[in-house]
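Trainee: Since chain A is already given, all that's left is putting chain B on it; use the hints.
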Amino acid sequence: MEKEELLVIAAAAAAFVIINIIMWTFIAVKGKRAKRKNEAIVSQGIPQAQSVSDKRQKSVSDNAVFSAAEPPMNKPASANQAIAFTERKKCSGFVIVDNIVMIHTDEVI
Amino acid sequence: MEYIVAADSDIGISKNVNQDSICVKTANFNEGKAALLLVCDGMGGLSKGELASATVVKSFSDWFDNELPYELDKWSWEKASQRVLNRLQQLNSKIVDYGKRLNIQIGTTATGIIAVNSQYMFFHVGDSRIYKISYKLRQLTEDHTFVNREIKRGTMTYEQAMRDPRRNALTQCVGVTGNINPDIKFGTIESGVNYLICSDGFRHVISDQEIFDNLSPRIITTRSSMKAKMRELIELVKQRNERDNISAVMFRAEL
Chain A
753 MEKEELLVIA AAAAAFVIIN IIMWTFIAVK GKRAKRKNEA IVSQGIPQAQ
803 SVSDKRQKSV SDNAVFSAAE PPMNKPASAN QAIAFTERKK CSGFVIVDNI
853 VMIHTDEVI
Chain B
5 MEYIVAADSD IGISKNVNQD SICVKTANFN EGKAALLLVC DGMGGLSKGE
55 LASATVVKSF SDWFDNELPY ELDKWSWEKA SQRVLNRLQQ LNSKIVDYGK
105 RLNIQIGTTA TGIIAVNSQY MFFHVGDSRI YKISYKLRQL TEDHTFVNRE
155 IKRGTMTYEQ AMRDPRRNAL TQCVGVTGNI NPDIKFGTIE SGVNYLICSD
205 GFRHVISDQE IFDNLSPRII TTRSSMKAKM RELIELVKQR NERDNISAVM
255 FRAEL
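Listed in order, the protein sequences are those of chains A and B. Counting with my numbering, you get residues 753 to 861 for the letters of the first sequence. Counting with my numbering, you get residues 5 to 259 for the letters of the second sequence.
For reference, chain A alone in the conformation it holds in the complex (with noise of 0.2 Å):
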């Protein structure tokens, strides 16, 4: 072969090369941004859908970890009649042994 067509065969190769580099290059781009924006689809729009539900639900998780951390006297009656009865202590064995009332009078005032 003579030296004209081994230039004329390496500058093909050279822009075959070179075009498919950039071609992939192109390619691996577009990947990508398909990519990310698939990702921006999964994590936007999925809370997007639930919105109202999680708000509810963050306002009611919200409330539990707020009460726990109050002090006792905030929080709801049922915990407070809890702790009151633990305070106050029964006296233990009490039995009545002896029981008379006489009243002449069903009505109350």
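Since the hints were made in silico from the structure, they are not lab data. It is possible that part of the hints are untrue.
Using 30 Å as the maximum straight-line C-alpha spacing, the simulated BS3-like pairs for lysine-lysine come out as follows [unchecked claim]: (1) K78/B <-> K841/A; (2) K842/A <-> K83/B; (3) K62/B <-> K841/A.
Mentor: Relative to the frame of chain A, chain B by itself:
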């Protein structure tokens, strides 16, 4: 330690309603014994005096059943007396308000003993009495009556007081005036001593000597003898034409 109690009440010979109410309760708990003895002599128009006395008795009865078991765990006589005072004042307001609503005046005496083991506290409003009967008869309460106040002031003799038409007029009772000042005193229970709480109907026509002779701790030592002798005295009072209702309770501790 043993608490012995008995109670009796009678409508008497002339009234249509027994306006007296009484409450006698004892209880055992792991650290000892507790007792409540209360006599309330109701008074008022439209036969509502029994409602005033029943209101006070029911309130203290509920306290004994439902609140005392919790108070006994850390029993304090100071706190107990404050609670009794508050309860009497609340009951007073309740009965006063009821009377205002119905445009009637009703009220009741309230004389009681709360005992826990060997200590006791008595509270008193009106002219029912507590007697301690040991080797002698001793009246522990002072009547909240007009004549008793005048005797203490020196403006009336005992004989004048007995004839005075105002001898039954009370200076304070539960349910008539806005404020009451109950007497509250503390003491130590003496073993083998009898305590008597009675309405004025029980004691009007029998003497102190008769009370002592019949209820002396030397002869009255059991529940059955207490009941029998109190009934005997009630019948005696009726024979002597007492016109009021007649009520009495007795208490004795064997420590």
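Trainee: For every hint, state whether the structure bears it out.
Mentor: Consistency of the hints with the structure:
1. K78/B <-> K841/A: Cα-Cα ~9 Å, so holds.
2. K842/A <-> K83/B: Since the Cα atoms of K842/A and K83/B sit roughly 16 Å apart, the hinted pair holds (cutoff 30 Å).
3. K62/B <-> K841/A: holds, 24 Å
Taken one by one, the earlier hints all hold for this structure without exception.
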